[in-house]
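Q: Going line by line, the protein sequences match chains A and B. 0 is the number of the first residue of the first sequence in numbering that gives the first Met the number 0; add one for each residue after it. 0 is the number of the first residue of the second sequence in numbering that gives the first Met the number 0; add one for each residue after it.
Please note that a few of the clues may not be correct.
[Stated by the list, open to error] Okay, derived cross-link-like pairs now, DMTMM-like style, lysine to aspartate or glutamate, Cα gap no bigger than 25 Å in a straight line: (1) B:94 - A:85; (2) B:94 - B:202; (3) B:94 - A:240.
[Unchecked claim] Computed footprint of chain A on chain B; a stretch qualifies when at least three of its residues, placed anywhere within it, have a C-beta under 8 Å from a C-beta of chain A: (4) 74-83; (5) 238-251.
Source of the hints: derived by calculation from the structure; they are not laboratory data. Glycine residues also receive a C-beta, built at the ideal position from the N, C-alpha and C atoms.
Here's the letter readout for the chains.
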Amino acid sequence: MTYGEGVIEVRNITKTFGNVVAVNDLSFDVHPGRVTGFLGPNGSGKSTTMRCMLGLDNAQGGEARFNGRRFAEIENPLFEVGALLDASYVHPARTGRNHLRWMAMANGIDSARVDAVLELVGLTEAANRRVKGYSLGMKQRLGLAGVMLGDPKTIILDEPANGLDPEGIRWIRDVLTGLAAEGRSVLVSSHLLSEMALMATDLVVIGQGRLVQQGTVGEFADVHSDMWVRVKTPQLALLVDAMQAAGGVAAPLDPAAPSDGAMVRNITPEQVGELANANNVVLHELTVERSSLEDAFLKATASVQEYRSGSVGGAPPPQQQPPQQQPPQQQPPQQQPPPQPGPPQQMPPQPGPPQQPPPPQSSPSQPPLAGGSA
Amino acid sequence: MINLLRSEFFKLRTIRLHIGLILGGAIFVIGVLMLVGIFGSAETDVFDSPSVELAEVAGVASILAGLLVSVVAVLSVSSEFGYGTIRPTLVATPKRINVFVAKALVLAVSAAVIGLLVGVIAYLAGATLLKARGAEDLAYFADDGTMQVLLGIPMLFVLLAMFGYGLGLLIRNSPAAVAVAILWPIVIENVIAAALAIAGQDEPIKFLPYQSSLALIARDAEDFANGRVGGGLYFGVVVAVLVGVAMVANNRRDV
């Protein structure tokens, strides 16, 4: 097998803590030039996997290879792999500059590079202050400066946006997408798909230590998000009859106001257009809508949630909604559809807030979806 | 390995607490010898060997400084686990044993240099003050065992630093490891000695590694059951085992 520069191969990593299996035979790849979101609910094994990849935790089985080499085999790893597992891993009594200097010295990196990365992350003025006076955002920047010390081809970050304000989150996002655009492999973990959706091109989704799915964001959305067609016409009853005859399942947005239109599943917008034309129906609106990636993520990981919140004060949890007429779902075949013990998917009663932007389309070079492992 | 040694030494010297503890110990030893020089008897004929007796005062005062060196050694490694910096350390240098050996070497060399400087400076300060006050017969570094005592100080510092390092690496919790490092000579070995005495052992001190090592800084080392070399070696072996066990354990542990 040949390895491209910056490729990370994770193969069959298994890690247990006593009787608890934290990571279970997990395998995935991270490719250069892409931000790979490592996604899973809290306690799903993301951080443990990263620690195993870097040899900080001893895995019971499996390994990670960076350009074909295990991490422990790399002589000066900061030149090849930059990793930030937690921005708080800094001695509070040391200055930011000195924190970077000892890291640089360990790999023979010139101190001029320390100043360069401090400039890169905007910490030059605070560099001589002790870290205990840093805000969380400043620590994240310092951590990222440490990652960039050796200008590595591979970058691993564990929840880098945790605790950051919106400006900080945007900064991290811009930095990571910029680094990937330079051809680096970026693996970044998060339990927030909304965050990943804005920066990741690929996703590795895990739950309870097992792989749920690997693929592009688009492929993930195709598999796990619901899609429906919204139509609006003054001749709604006629069009609904035609659509249902064609296999579509329609439900009015508001039964009392047919002019508001209907939601239709199990039918494509092309079919709706053709049916409207064949029946001389004037269309005022024909829109494809799909559930958010957040919903898709919750759906994908519903069966592998380590911790699930219950209802508070009798209020239903966010996913629970009052029963509503629901047409059958139209979904592409899933490779390993996870069982869904949760409530049935709901067709949105109304358009609601703006939907997520369409996910990016899969790249031809992207490997096919990998099914979940054991 | 040179890069790693530089990095570890840089870590050691960029924490103010470490510097403060070392300086505190050094000032204490030098201060004691200066007080001896200022207030001690300048009539050298009241001493058997004024030079070695002055060195012995430096040695005894160095026990406290050595304890502080030991605490610094504990903190230098346990704080890595406490603050999580062991993770970026091992991300920068994945071969754990190299990191542990580099830390040990840096601490040992630093302790030796500090011990030598503290002992010699304190001795010179005390001797110079005494001479200035009329102790003209006092010879610097006289051939009366003075050098053995003065060289015993850095050796003791090295052993105490490695003792602290081993404790810090094994226990990994700063308060607990510091407590053991301080209570070991003050309480634990005395309890062991009492238990051995009750058990009928005539010379329990020869089984106490820490107290045996104090022969290194004693003028009359033969008063110690294991002697100067034996006492130092005994504590050295105990420390080597402690450090070895700690390194092996941490080479396997999750961090």
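Q: Hint by hint, say whether it matches the structure.
A: The hints, checked one at a time:
Proposed proximity of residue 94 of chain B and residue 85 of chain A is supported: the alpha carbons are some 21 Å apart, at most 25 Å. Taking the CA atoms of residue 94 of chain B and residue 202 of chain B, the gap is near 44 Å; set against the 25 Å cutoff, the hint is violated. For the hint linking residue 94 of chain B to residue 240 of chain A, the alpha-carbon distance of about 70 Å lies beyond 25 Å, and the restraint is violated. Counting residues of the region 74-83 of chain B whose CB lies closer than 8 Å to any CB of chain A gives 3, which reaches the minimum of 3, so the coverage claim holds.
Judged by the Cβ-Cβ criterion of 8 Å, the region 238-251 of chain B is not covered by chain A as claimed, because only 1 of its residues qualify and three are needed.
Checked against the numbered hints given earlier, this structure breaks hints 2, 3 and 5; the rest are met.
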